[in-house]
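S.K.: This is what each chain is made of:
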Amino acid sequence: MAKVVVDVSLKAEILDPQGQAIAAALPRLGFAAITSVRQGKSFEIDFEGPATPERLAEIEKAASLLLANPVIENFSVRVVE
Amino acid sequence: MKVGVVTFPGSLDDRDAQRALRIAGATPFSLWHADTDLKKVDAVVLPGGFSYGDYLRCGAIARFAPIMETIITRANDGMPLLGICNGFQILCESHLLPGALVRNQELHFLCRDQRISIKNNETSWTRGYRANQEIVIPLKNGEGSFQCDDTVLEMLENENRIVARYVGRNPNGSRNKIAGITNERGNIVGLMPHPEHAVEELTGPGTDGLPFFTSLLMQAVNA
Numbered sequence: 258m259a260k261v262v263v264d265v266s267l268k269a270e271i272l273d274p275q276g277q278a279i280a281a282a283l284p285r286l287g288f289a290a291i292t293s294v295r296q297g298k299s300f301e302i303d304f305e306g307p308a309t310p311e312r313l314a315e316i317e318k319a320a321s322l323l324l325a326n327p328v329i330e331n332f333s334v335r336v337v338e
Numbered sequence: 276m277k278v279g280v281v282t283f284p285g286s287l288d289d290r291d292a293q294r295a296l297r298i299a300g301a302t303p304f305s306l307w308h309a310d311t312d313l314k315k316v317d318a319v320v321l322p323g324g325f326s327y328g329d330y331l332r333c334g335a336i337a338r339f340a341p342i343m344e345t346i347i348t349r350a351n352d353g354m355p356l357l358g359i360c361n362g363f364q365i366l367c368e369s370h371l372l373p374g375a376l377v378r379n380q381e382l383h384f385l386c387r388d389q390r391i392s393i394k395n396n397e398t399s400w401t402r403g404y405r406a407n408q409e410i411v412i413p414l415k416n417g418e419g420s421f422q423c424d425d426t427v428l429e430m431l432e433n434e435n436r437i438v439a440r441y442v443g444r445n446p447n448g449s450r451n452k453i454a455g456i457t458n459e460r461g462n463i464v465g466l467m468p469h470p471e472h473a474v475e476e477l478t479g480p481g482t483d484g485l486p487f488f489t490s491l492l493m494q495a496v497n498a
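Protein chains in written order, with our numbering: chain B, 258 to 338; chain V, 276 to 498.
Rather than coming from a laboratory, the hints here were simulated on the basis of the structure. Please read these numbers as outputs of a predicted model, since none were measured by experiment. Ideal Cβ positions, reconstructed from N, Cα and C, are used throughout, including at glycine. Where hints are given, some of them may not hold.
Some chain B residues near chain V, calculated using beta-carbon distances under 10 Å [stated by the list, open to error]:
{"no.": "1", "residue": "LEU267"}
{"no.": "2", "residue": "GLU270"}
{"no.": "3", "residue": "LEU272"}
{"no.": "4", "residue": "ASP273"}
{"no.": "5", "residue": "PRO274"}
{"no.": "6", "residue": "GLN275"}
{"no.": "7", "residue": "ALA278"}
{"no.": "8", "residue": "LYS298"}
{"no.": "9", "residue": "ILE302"}
{"no.": "10", "residue": "LYS318"}
{"no.": "11", "residue": "LEU322"}
{"no.": "12", "residue": "LEU323"}
{"no.": "13", "residue": "ALA325"}
{"no.": "14", "residue": "ILE329"}
{"no.": "15", "residue": "GLU330"}
{"no.": "16", "residue": "ASN331"}
Looking at chain V on its own, in the form it has when it is part of the complex (with noise of 0.2 Å):
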């Protein structure tokens, strides 16, 4: 399965998301935030970073960048797309999922290992997890904070579109201790936390994070 990874201006993490993609089994492939061209990809992964340098908002530029109307089309087909950190923010921002991500509560930039549950494991992502499954992968952000109107949160609580929850203490504010989110049809997934830094027991808390890309190659031997 080949899977494409965007590089904005100020991306971070898309080496890290290519290397766990290549460690589930994927075959990944490094596209580039100025062509329009999906390059016949399977599904697309929005690293984490500071693309344009967060000017403006999180995620605010990035949405306009040319690859990102292809995408837009294509999720709204049925492609799965994860936003991670900065991808989620971008994901928000382009309105393919709702809600927006703010400043942390206590205005800190955070980096820790944090436990969350998942919470919905039927999307594109998630299969490979048990239903209410505790792991643990790093937190890194400074504007991670979910928010939404109290009618959004109603829809995404009563249709199960949360994907994961923080479990303790709640790091920067979220409504709902919401970590991740997901849209109707579960091929889409935003996630604040990066299971992408946590495939390998040499370089992070565990390989709890793997299920999120070996969850893709599932659906695809199902299909």
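Isolated chain B (complex conformation) (with noise of 0.2 Å):
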């Protein structure tokens, strides 16, 4: 069984207003050198077998249809294991 984490995170130009709202927390719990946060999400991956190149191009394939919108997010795929 291999597993693989896709990473997505929000294009630079796009606002991510959660993220604003984590770093005008950090400085007050006293982490003053955190300038900017940009919050993404990551989705951990199961399947049979090895992590064949056939299969990361259909995870590739399968994160660029639903798990990120291109339109706002971008994305990358790394194996773990």
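These two chains come separately, so use the hints to put the complex back together.
M.R.: Printed below as a string of structure tokens:
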């Protein structure tokens, strides 16, 4: 069994009010050096068999079709085990 | 005129949309997300709510509901299609309309009567308004901020595809105060505020929303 992770992040030009709210909270907790936070999400995906190039191409397709909205988000796929 | 209103799991405003269509003089018809047949309707409304619990992204899962395939094909052929609030989010996720709707700038869920200005009164859903007519209809959403890149924004502006803009303070950080947009042909409209909640004096801020639904019938008569 293999595990891959799809990381999804908002494109740089898209407003991220959640990230801004987190960035505003951190200095109040003493993390003074933090100037900016962008919030994203990650998907851990398990599947049968090894992480072949074909399988990874399938995951890429699933990511661009459903997991991420390419209009506002970027994504990357990495194999973790 | 028979107008379908789709109910997804988590839709909230499907009954209100049906009621608005009835008051406008159309014949509303309930469509189920798991069907593929549009039952000979002449137009479709995608109502507001929280389809599939807003999981993943608002509208992202509803976009792949069985009925959406048929709706996408028919809308591309010219069938009038209106998406309100969550329906607008579904239209963007389906790529029937450009851009996307993200979390309101100040993170609050907004629920208020909102003044908007009708900027394009040539679509299937807005021809009953005067250009630049200001109306007041309810706005209620958490993720209503319209975002797109500069190229798309310029295209929308140049092609007169902005259907409505917020008047006064920008409530949610939408680019260029966009409250609604249309496709090139003008048959598909996505709108964040809710005209279906403003069709009777008793239950809304007025009846300013009614022309969205009577516009559709004007087209049927003229066709």
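S.K.: To test your reading of the hints: which numbers does this structure violate?
M.R.: Result: hints 9, 10, 16 break, sorted rising.
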